[in-house]
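Participant: For the protein sequence lines, the chains are A and H, in the order given.
Here the first sequence stands for residues 39 to 454, numbered as in this note's numbering.
Here the second sequence stands for residues 602 to 766, numbered as in this note's numbering.
Hints may contain errors.
[To be verified] A few chain H residues that don't get close to chain A, going by computed Cβ distances all over 12 Å:
(1) Lys605
(2) Ala608
(3) Tyr618
(4) Glu650
(5) Tyr657
(6) Ser659
(7) Asp678
(8) Ala686
(9) Tyr689
(10) Asp721
(11) Glu724
(12) Ile739
(13) Val751
(14) Thr755
(15) Asp759
[To be verified] For the chain A half of the interface with chain H, some residues (derived, Cβ under 8 Å), not all of them:
(16) Glu297
(17) Leu300
(18) Arg304
(19) Gly377
(20) Phe379
If you're looking for bench data, these hints aren't it; they were derived computationally from the structure.
Built from N, CA and C at the ideal position, the CB exists for glycine as well.
Here's the letter readout for the chains.
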Amino acid sequence: MPAKNHKQWKVPAFEQGDYVDSRIYSDQAIFDEEMEKIFKQVWIPVCHESEVPEAYDFRTTSIAKEPIIVVRGPDNEVRAFLNVCPHRGMRLERRTAGNFIEGQPSGNPKHMTCMFHAWQFDMKGNCVDIPRAKEGYQERLTKEDVGLRRLRCEVRFGGFIWVTLNDKVEQKLETWADGAFECIRSAIDTEPLEVFHYHKAIIDSNYKLWHDTNSEFYHDYMHYHNRVTGFNDEYFARTNKGFKNGHVNVNSFTVQYGEFELGESREDLSFPGFPPNQWYMIDLFPGMNFNLRGSALRCDIVTPLGPNQVMIEFRGLGLKSDSEKDRQTRIEHHNSIWGPFGRNLHEDLLGITGQGASMQTGSEPRRILHGRHENNLIHDEVGMRHFYTEWSKWMGRNPSDPMNEQNESLKGMAAE
Amino acid sequence: MDAKKAAVVAAVTDTVYRACLYLDEGNWEEFLNLCDKSMLYSIKAYSPEIRKHMIYLSHNKKELGSLTEMLPKLNSDHSPLRRHASIYTVDVSDDKKTATAVTSLAVYMNMHDGINSHIDSGETRLFLVGRYFDKFKISGDNASIIEREVRLDTRRLDKGTHLLI
């Protein structure tokens, strides 16, 4: 067989949308645009309320390279600010999590203090002290003139803390989610949840490739665990459902955990109103995943670091009211599949690592197929197509032709 | 140190280092032969992010057997792990029937796959650091592991692994 290049192989009878151009996963300019046009505009879950359970607790995070701090005030309200001192732009709090009840070397208890010049702020972001302000700034600047940049913040959908950098965000979070969470609403909102697991991975791959993996189940062929516990008529009858704003969920089926050698039925431990051994999946634009499976809720949050690098934070959650025994069981169930030593997660991460290696900046552009049509059933790739329809709206680019080359080519042919 | 205690320390030392060699080789059967039938194995870490102690993996000896027998059915990174262990302390009970040991551990990954095997293979990267907290049952000259807790300092494990640590 003669060698063929990517242009000579038969082009499948696919419509645009059934494939994307691999440069959407590798181009630096597209990545930079995504940060400005998408990540700085939409709601992003940054942590869970159980990570800041007490007054003066804090958690630091970031969106689109902007450092963020989430604090719980003495009034019990959770607020989010840019984690940046308004004086000289120093990162205000350096730790990943903690509590402000104890004073820091530069500052007093119950205050956020910039270690650099000891400017201090209360839990509402007000500046409450500037050392020797009068001497240095006279009347030109007082502590009332400065404060932390407050960000819009909501606690919702199982107690996750959502933040947006967009002061003029058009939709409240509930509207933005457009009902994607309704399938698990009673399970996650009847009583408080609590994070019991956290780990992160930095992978040399594009963030959308991780979201693609979470948005298609065809890759279950890769998972021995999922093949033996699923792959029956009920599994293949699961359907993808699209929602506004690029979100998708996948309905449930009864997982046959007992078919796995190390398997254990999740029948005795679930969530409020959630039938045993079920598995719902919610994929939220532009890259968050909520996976309620059996006895544990998993949440993935992506932080894109570059066109070919992403940090993924993995959380496992149970009920805050769990007995010690139940919590232990949830942890074992969660980590047997999804922990860093679990059976499935390693395989998923190998998958996108391999994609990242073949789609580096400057790689030969190629078509990445999203073209399985199976009436929205489980192996239909409609979830990815739904995502990229939304992506196209925000980016003003066609993911199948992101550089507008096909259009230009057609124009040229018409002119000839 | 009396002779009997010294013999126990030697037995514990031998088991810890031999276990490292078996684990390095992927000789799971021989590793499990160093473990008592009641053995419990766990991998734990403290997360300053969520301010909680976490259990990343927890199995008994039988489950470890199933886990390792299953490996050929799983898609795994092909890079072998190599352990560098230093036993810091061995404490022997008064009756010399049990002992505990704390071992400092660094685990390296000898790249076979890496990101792009053409480029990365042959390179060695630090995979994790941590400690073994082991408990032993002493029978004659033999020290069997009855409990192994792998306590990780490293929490960014990226791709993770299917292999025992």
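Participant: Run every hint past the structure and note whether it holds.
Facilitator: The hints, checked one at a time:
no., hint, in the structure
1, Lys605, "holds, 38 Å"
2, Ala608, "holds, 35 Å"
3, Tyr618, "holds, 23 Å"
4, Glu650, "violated, 5 Å"
5, Tyr657, "violated, 5 Å"
6, Ser659, "violated, 6 Å"
7, Asp678, "violated, 6 Å"
8, Ala686, "holds, 19 Å"
9, Tyr689, "holds, 24 Å"
10, Asp721, "violated, 9 Å"
11, Glu724, "holds, 14 Å"
12, Ile739, "holds, 29 Å"
13, Val751, "violated, 10 Å"
14, Thr755, "violated, 10 Å"
15, Asp759, "violated, 5 Å"
16, Glu297, "violated, 13 Å"
17, Leu300, "holds, 5 Å"
18, Arg304, "violated, 16 Å"
19, Gly377, "holds, 5 Å"
20, Phe379, "holds, 4 Å"
Checked against the numbered hints above, the structure breaks hints 4, 5, 6, 7, 10, 13, 14, 15, 16, 18 and satisfies the rest.
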